[in-house]
Each structure stands twice: as structure tokens, then as C-alpha cells.
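Peer 1: Listed here are the chains, written in short residue letters.
4 protein chains.
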Amino acid sequence: MAQRARVLIDSIDERGLVYRISKVFFETGLNIDSNREFVDKEAGKFFMRSVVTGDFDEHRLQSDLEAVVPQGANVRVITPRRKRIVLMATKESHALGDILIRHADAELEAEIPVVIANRDTLRPLVERFEIPFVHIPAEGLSREEHEAKVLAELDKYDFDYIVLAKYMRILTPGFVSRYPGRILNIHHSFLPAFVGANPYKQAYERGVKIIGATAHFVTDDLDEGPIIAQDVIPVNHRFDWRDMQRAGRDVEKVVLSRALDLVLSDRVFIHGNKTIVF
Amino acid sequence: MAQRARVLIDSIDERGLVYRISKVFFETGLNIDSNREFVDKEAGKFFMRSVVTGDFDEHRLQSDLEAVVPQGANVRVITPRRKRIVLMATKESHALGDILIRHADAELEAEIPVVIANRDTLRPLVERFEIPFVHIPAEGLSREEHEAKVLAELDKYDFDYIVLAKYMRILTPGFVSRYPGRILNIHHSFLPAFVGANPYKQAYERGVKIIGATAHFVTDDLDEGPIIAQDVIPVNHRFDWRDMQRAGRDVEKVVLSRALDLVLSDRVFIHGNKTIVF
Amino acid sequence: MAQRARVLIDSIDERGLVYRISKVFFETGLNIDSNREFVDKEAGKFFMRSVVTGDFDEHRLQSDLEAVVPQGANVRVITPRRKRIVLMATKESHALGDILIRHADAELEAEIPVVIANRDTLRPLVERFEIPFVHIPAEGLSREEHEAKVLAELDKYDFDYIVLAKYMRILTPGFVSRYPGRILNIHHSFLPAFVGANPYKQAYERGVKIIGATAHFVTDDLDEGPIIAQDVIPVNHRFDWRDMQRAGRDVEKVVLSRALDLVLSDRVFIHGNKTIVF
Amino acid sequence: MAQRARVLIDSIDERGLVYRISKVFFETGLNIDSNREFVDKEAGKFFMRSVVTGDFDEHRLQSDLEAVVPQGANVRVITPRRKRIVLMATKESHALGDILIRHADAELEAEIPVVIANRDTLRPLVERFEIPFVHIPAEGLSREEHEAKVLAELDKYDFDYIVLAKYMRILTPGFVSRYPGRILNIHHSFLPAFVGANPYKQAYERGVKIIGATAHFVTDDLDEGPIIAQDVIPVNHRFDWRDMQRAGRDVEKVVLSRALDLVLSDRVFIHGNKTIVF
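Chains as they are written, first to last, in numbering that gives the first Met the number 0: chain A, 0 to 277; chain B, 0 to 277; chain C, 0 to 277; chain D, 0 to 277.
If we strip away everything but chain A, and leave its shape as in the complex, we get:
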């Protein structure tokens, strides 16, 4: 019975790579439904995403491919399965709600084992969707103490990604390093403009005519991780910062959902501080 797989390879660039890889596909009897490659000449790096169909053994394909790529290359043969994402939030409902609606509608290629929040505000919304909601208050705790509780909770679940849907606390390097390339965040500005707190107030003070939102992977540097998706909307002098915030919510939720879909469909490679999005 024919099955389908997404094959993701990143490696140092080398002549004949595409030939050797496509040879494996051919000899395995696979059809290539789509195929995209990118070579970063400067960095000498090769990135490839293929969607293949046929009757194959997943592990065999994996090892056959590993046999033809350079030392240290990264080969992933991904067969269809719904990924699992843990959502973290604080009290704003727009980004979280958008994901919950998509999930309830089976539009999201993912399961949501739990929503963790540092406020109890969103419990009713989350429980409406029959998804476990865990409130871990931060009051009176050091950042490390609070994170220890969050990590203890996270350890109870098996998941692929953590999605910060307007989680308004800064994560420590210790926390982030536990999940390299696995934490997505939505920043409510067009990065790198307006890093840090209250970007809408900053945007208002600066008198910009366009505001935006940025979905990115979280790294140690606040708001400095690899950007996955960005979008913007026009504003004008009649917007005070709260109007900007209100208008910005639409962009935030759409950009986060778009980035999440890209990640869930295995279209995103992290390349240093950038992303390759196929």
C-alpha cells in the first residue's frame, strides 16, 4: 500500500548530492510529488524538502539516505502523524482562541495535550474546548522557581513544540535550552523594530504608519530568534496605542497561525539565526 513521507535533509553542500538522493528515491521506487532545494553558497549549506509517495520502509529509507549524504548531515523521513503542541498563554485570548478554533475544526495538523498559563483568566475559554488547562501562578516566586513548576508540568506530556500564544513572561536561557528549536513565539511588533515591552506604545510614540507582528523561534536572546513569518497593517494618526494594540491582534493571531502551520507541515529549516521556509 502506497504511503507518503516528507523527507528533509540539511547538510554541507557537495556536488552530486541531488543525484545521490534522487537515486535512492528512484531505487526505492518512490514518486517525487514536490521537491525544493536551496543552497546557501556563502555558508556552503544545502537544504532539501521532498514529498515522496510509494511503498517503502521508513527506517530503510532513512538509512539508505544517510548512507549517501555527507558526514554530519541531518536526514529526517517524516511519515504523516498529528504533532503535539503545548500552548502557553497569559491572559489575552486572541492568539490562543484562534488556535483553539482551528483545532476544534480539525484544521490544525496537531493535538493539544494541555494549555499552561501564569494567570487563570483563560480557563473558561480553554475548558470550553475540553482541553486541560493548568494554572501555574508566578506570584511570589522567582523566575527560576516558577519555571521549575512549569518544567515539572511539561515533563508530564509528550509533545513536539511549545507555542507561546501571548505568554507574557520572559523565559530563562535554562528553560529555552531544554527545547532547542522547539519553542515558537509571537512578538507583537515587526521585529527588529520595538523589541521588548509594550511595542504598541513604542510604535505610537514613534509615530509609525505601519505596525506588524513576528512569529519566531525562541532563543536565549529576547526577540532575537529565527523569524518564521511576519505581517503588517497600516495605522494612522487617529490610532492611540490601544487602537494599535486592538488592530495588531488580528495580525498577531494570523501570523502565529501561519507560522504554526508552516512548522507543523515541516516546511521550516532553522539555519543559524534565520529560517529557510519551503
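Derived by calculation from the structure, the hints in this document are not laboratory data. Check before you lean on any hint, since a few could be wrong.
Because identical chains share one entry, a pair is satisfied inside a single copy or across any pair of copies.
To be verified - Simulated crosslink set (EDC-like; lysine to aspartate or glutamate; CA at most 20 Å straight-line):
hint	residue 1	residue 2
1	155	12
2	22	32
3	273	242
4	90	104
Given chain A, put chains B, C and D in place with the hints provided.
Peer 2: Showing chains B, C and D alone in chain A's frame:
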């Protein structure tokens, strides 16, 4: 001495195609700088654009590739050369002027042997750039008589594409069929909205909140050819149709130039009434 | 105690109008927080929206203003109150869900007495938000018979607007004429492109590079009512029509919510087949 | 014989202002074709732009208005006349060329007495349009010495605005203070992202998915002046910084021209470090 080529292949889809093509690249000793493929499953068609570098014989590569692709496949090995485009216009200067400025600045990957217009209005502008300007008036002539004169003029030049930079006359099927897939047009609306005459007046009457422009290949059906690029800008109730026209000019020239750059860099495949843009 | 009101006036244009109106504001002791006017010279029509604050009697202000505007002018003094909207839907959750989330978050300047649908699909989603859901099946009924049941249900509620959040049935002129200028619809295309059924399929067939959505008031002419808001997103050859539909949902919900906010904040005048949006 | 004027007023906010101003319009026998007001409550500032028609004496209207506005208010009665702009550039032709084409086409509401550049590169382009080109080299001169020569040249002309069409030198506070609110600049980034040198390189390094351009008034703070207009375009991992630069040129020229049109039509108020754009 290493050279570079763009290799474009479109063909019926077949298992092993990528393998056989990349085998040719490999055995020719080529590096693949970039590579994009698309398979239209529904139509069973395969499209591929590769940029390769190495020391190779152009014709040899061409025939080696033709030997491995299916019957009726279309293989193009394109080595760097400035293409030649004939511009046709009427009296508006924005789209034409944008191309002339890019050309004068060597930003355009093309030569312009001549500009042909059915009005004399743009002569001073064109001659400022030391490009031949030929005025072929249509007054008192049938469409066929006028086109006969234009065709006679066109026959004097060797060119790859005809670019209609706001040429405000409709071409006959007879004219169009002479240059299949070689005539680009900018339509001053977001097709398929507002086909035909004065789209801005139509847009104004309809009270739209966004207007646009569409660059497309010209086919027999007026405004129905394969779309290469589109873009839009917001308008509001304070715009009368002339304001829309004025605002629209920016979109028209930018969209036409973007489409032209795509075509000149061999990124556009025509696929029935659509385009594949790599 | 100072209060606030939105004053909306549309009238035939006449010299001195602004003077006489602002005189009333002044003599009533009002501050003008914001003020926008538009004159359609062609139609000889005047439109004005002012936000005023002060200590005033609503009805007195209304009559004082009516005394200074031309015969047949339309004066509305609107003091803050949450409007009431009835939502109608079929089975898609994105547009409806977006409004429900905003409502649950008190972001929406409106109450929702009921959601009426011709399918039962969305009941769980709506009831999660503790909003009455009424299923009125159309199976085996003529359009008129079905609408009679819907009208009977609507008569039970006091509301300002009907919002068609992807209600996939066409309303009869008889139904529409019951609620002139009070029915909002989201059309899943960039009108006037692709009127009628399955615009995404049409867009895919046409090979457009941009798709959009249009929020408009419903009139007898299908998809021909006054446009309130529109927006677009880019697509490419890799999108089949289902991908376009999926991508389009984000635009649909955002455009509908934006239009709804404009209407709820009394920023929209209907002017023939167009809108003035302040 | 009826004439037309743009009336611009900015002042501290005060109850009755609109009434007193519209009273003057009424008693002068003027029709108000359009009228926009904005009150910055926080700053207690009032801004108004009216377009009036009628048979009036310009200076009389000016003094009548000044008699009814608060102390220190700024009243401008502007009757139609083509403004005069001096263009300054370095060697890139896209922004300058776009303005020259518009000017040659009488699309620009302005005269161009001279183009001043610190390189001779653009002389042929400018002289093609029969506009005086003055080359003032900076080689071997201190910033002050070079600016002294530029100022000496500027003193020969009567002009309203200086437009920096990709003038790649930083102006000293001394120079800027000579022309408060009269110098426009196009910055090749979406400010406040990527201030300073080579924004495209910065954008490439940061891996952004959108790039932009910003037109602003020049103040002492580099890239910190009041923003008039901004726009953006999407980019992706296939763009190196030169590709971004190439793509960005379209946005730069369009944004600068849009901002210039707004300024030339007297739609822009400077309000601290922001603009009010009517």
C-alpha cells in the same frame, strides 16, 4: 573556465525524472546552485528550473538532457545573455518610463531595440534615452491595416519579447498568434475584476476599497491570458476615478517591472492558462 | 455629568451646513473630540460624523440639529450602548468563531442574542460560549418556506444587525428588504471578481496570484451590495483550490470582523451602492 | 470669479473653534468642499484642513481666521500654485528618476529648479529632462566645507522643499536647522528597524521576511524625524542582501513619491515627532 546556465524543463511527469536529470548534471560535472520543481498531479505535468555552474558544452548538455526526458518534453539550456524586448505604448509614461529608467541604470536584464507607439506623445521621453522611437498612427486605418504596419516594423528587429507598456489598443488574434507566449501586458485592474475599458471608472462605480494591476501574457482572449504577477493598493470613498487612476499607476509600473524581471530571468513557465513562477 | 455621543448626519449639501451644525454643538456646550466630513460633489451629498462630549439632553440635541439641516436630512445622535447582532451561519467555524472569541473577550462592541444556522454542525462551538443556537434545517423546504421559519425566529429578538458569518444560502429579495442596510455578509473573494459559487475554485482555474475577501451590506443583487472592507493575500502555483480556501479563511474572518467593528462604531454610511467609511 | 484655497489650521484645542472657523467661512460666502479635523486630546492640540471655494480675498480670509483662533495658532490660506522642490541625490537613479518622470508628465504638483548631487553619475539622466544638474563633490572636504558649498548653491534658488532622493550623506544639525520641516528623506528600511548604514545588509543578517521603506522629515536625529509614509514587500531566504536592495528600490521610490504628493497637496501636519496626514 566555469560557466553558468539556467536549465528549464517541462514534461509529462514520470518516475525517475529528477534522478535521470541530476545524473546528467552530475556526470557533466556541474554544481547545482538552485533547483525548484513542481508537479501538477492533476495534469500529470513536471516543471523544473535549475541553475548550474561548471565547465560544460551547452549543446552537449542540451542533447544529454533531451536523451533522458520523455518524448515531447521541452528542454532549454539558457546561458547568460541580455534578452531583447520591444516596447509598445500609447501615451502614458509611467510604465514605459519605469522600464527606461531601469534600462538606463543597467538594472534591466535586457536591450531595447525600439519603442513603437500609436501616438507621438512619448517621443521626447524615449529619445531622451537615445532609444529609437517609431510612431505608427492608427488614424483612418482598420485594425488590420494598422497591425500590418506594426508587424512590418517589428520584422526589422530581432527580439525575444514584446512588452505592452500601456499600449491602449486591442491586438487581433492574428497578431497575437505570431508571438505565442512572447507578449506581456499590464492590465490596470486586479483581474478578473474589471476586464475591458476604463477599469478605474468601473472600480469607482462599484465602490471597491482596493484596486490593483495585473501583468499577464497576451492570448486571443482579451485580458484572459496567463497571469504572471498582481498587486493591489487600498482606496477609499475620497478617491474619484481619476484619483484611483493616479494611485493605480504606481501599482501598474511596479507589477509590470516585477513580471518583466521574472520573465527575463527565465522563472516563468506557461502552463495552460496559468503560470508556474519559480 | 459629561456624556459622549456620536452624531451622524447625511444630507444634501448646502452652504453653511457645517457652520449651523457646529453652532448647535457650541451653544449646547459640547466639545468636538473628532469630526470628519465628506462631500460628494457629483451627487451633491454631505456626510458628517462627529464625536462630541458634554452635558446635554440627547433628544434636545437631536431636535436642535434637525432644525438646522435641510429637509430630508438624516440626523442620528447615538449615545454609547452595546448593539445587538444576530449571527447566521452554515457549517464553517472560522468567521463565526472569530466573532465568538472577540465577544467572549468583551472586545466586540455588541451582544449576540442568538446564532441561527441551517446546519447543526456549529451547535457545540456556539453552545461552548453559552449563546443560544437555533438550527433551522432547509431540507425539503422551498427557499420561501425556510426563510419564513428564519423570519419567525428572528421576530423573537430585538437586534440591530444580521451578520452572515459564512451563511451559504442566498437570501430572497423579500427577506433582504425586511432589513435594509442591516445585513452584513462576508464574500470569499475580492469582489467583483468571482461572484457566485465557489470563488476559490474559480480563482484556482483562473490562476490568480492574489486572493481576497469582501465584507458588504446585502442587497437584492447577489454579491452586489455596498462594500465595507476588503483585503487580500498572495497565492501561487503550489496552491490548489483547497489550499486557497484554507488560506482565504484568515482573510475572510479578519475582513468580516474589521467591517463589523466599523459598523458597530457607527463609522459607515451607505451612499447608493457604495459606503463612506470614516 | 470663484477660486479655491486649502486652509490649514493648527492650534491649542478650545471649545467653539470649529464653530468660529466655519462662521468665518460662512460669512465669507465660501463652500466647504472637504474638511478634516483631528484633536490630540493628550496634547490638547487641534488640527484642521479645509478645502474651500468661493470668491474671496486671500489676505482678508487669513486675517479673519487669525482673529478667531487662539493665541499662537498657525493659520495658512494656500491658493493653488506649483510648489518648488530642490532634489538632492548621490548616484542611485530609481527614486530620482521616478520623480523626474512624474514631473515630465506634469503629474507632479511641483517645479524642479535644480538637482544637486555629490557625484556626477546622474548628470546624463537629469540633463535628459532639461533640468539643471549641479555636481558638488565632497572629496577632500570636511562635512562643513561641503555643506557650505551646497548651502551657497541652494541660496541661488527659491524653493519650498528639499527632497533627498537617495542622497547618501548625513546632514549636519546646522544644515537641517536652516530648513525646519522642509527636508524630506527616503530611508531604505521600515523604520525604526535598521537605522543607519546599509539597512538591507542588516535585514539580510537578521533574516526578516518583510522589508520596507520610510519617507520622513529630516531632523537632527538621524532617521528619527516625523514619518510621513511607509510601505513594505515580502522577501524570503532566497534573497541575498543585493536582491533585497533591488526589490526594495520599488518600495523606496513609491513611498517617496507618495509622501511627496501628500506634502505638495498640503495634507501633512508636523506634530512633535509625528505627522498628521489628512
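Peer 1: So which hints don't hold here, by number, going up?
Peer 2: 1
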